[in-house]
Structure formats: structure tokens, C-alpha cells
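Participant: Sequence:
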Amino acid sequence: MAGKTVTRADLAESVFRKVGLSRTESAELVETVIDEICNAIVRGETVKLSSFATFQVRSKNERIGRNPKTGEEVPISPRRVMTFKASNVLKQRILRAHIARRAKQKPVNPAA
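In full-length UniProt numbering, the protein residues as written are 1 to 112.
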């Protein structure tokens, strides 16, 4: 399932084609939006993009982890992590695309 990675340049190009701003203005717009999202997350605010996802910072307490190579227990320090929760609209789009992709594949014949 190797897919293309969408980059900032790809987003800027899409804005350029669909909105009609210059390439420079499109790149600046994409950077501004990403910066605003990042700044809000750093401030600890929840960022909700309707029909897409919610980004939220949450605190994790200290816990005991295990080194998988040696089995040694080590403390994992408390930290703050960002979580991404896809919206139901996005989840449904992904599911529909998955079902459509599977329908295009040849059916596997278990009797063969």
C-alpha cells in the first residue's frame, strides 16, 4: 500500500490551481494555515477542522516501560502528546474508498 506523500508544495500547488492565487501567495497561504494550527496546538488549544479531524494536546503521566531488547523496566517521564482524531465524515470517506478499491480487485477463487 505504497502511496504518494502529500507535501506542503503539493498543497500550495492545489491552492494555486483551484483558487487562482499566484504560486507564491498559495505557498504563503498554506504556510500561514499550518503555522496557525501549530501555534494553537503548542498553546494547548484544541484545533477542530470540521469534517476532517480534531488535534488535541493531552498530558501523559509517568509510567513504567520495558526495553523490548533486554526486558529491563525503565521509567517513562511524564510528557505532553498531540492526538489526532479523524472525524466521522473522514472515516466514512476512507471506508468508501477502501470498499471501492476492493470491488475493483479481482475476486480470489479459494477453490482454485
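Because the hints were derived from the structure by calculation, they are not lab data. Please note: incorrect hints may appear among the correct ones.
Simulated pairs of lysine-lysine, DSBU-like, Cα-Cα distance not exceeding 30 Å [what the hints assert, rightly or not]:
(1) K91 x K48
(2) K85 x K104
(3) K18 x K60
(4) K69 x K4
Participant: For each hint, tell me whether it holds in the structure or not.
Facilitator: Comparing the hints with the structure gives:
In summary, the hint linking K91 to K48 is supported, as the alpha carbons are separated by about 15 Å, within the 30 Å threshold. Note on K85 and K104: the hinted pairing holds, with a Cα-Cα distance of about 29 Å set against a maximum of 30 Å. Of the pairs offered as hints, the one joining K18 and K60 is violated, with about 41 Å between alpha carbons and a cut-off of 30 Å exceeded. Under the criterion of a C-alpha separation no larger than 30 Å, the hint pairing K69 with K4 is inconsistent with the structure, at around 33 Å.
The structure fails hints 3 and 4 (numbered hints given earlier, in ascending order).
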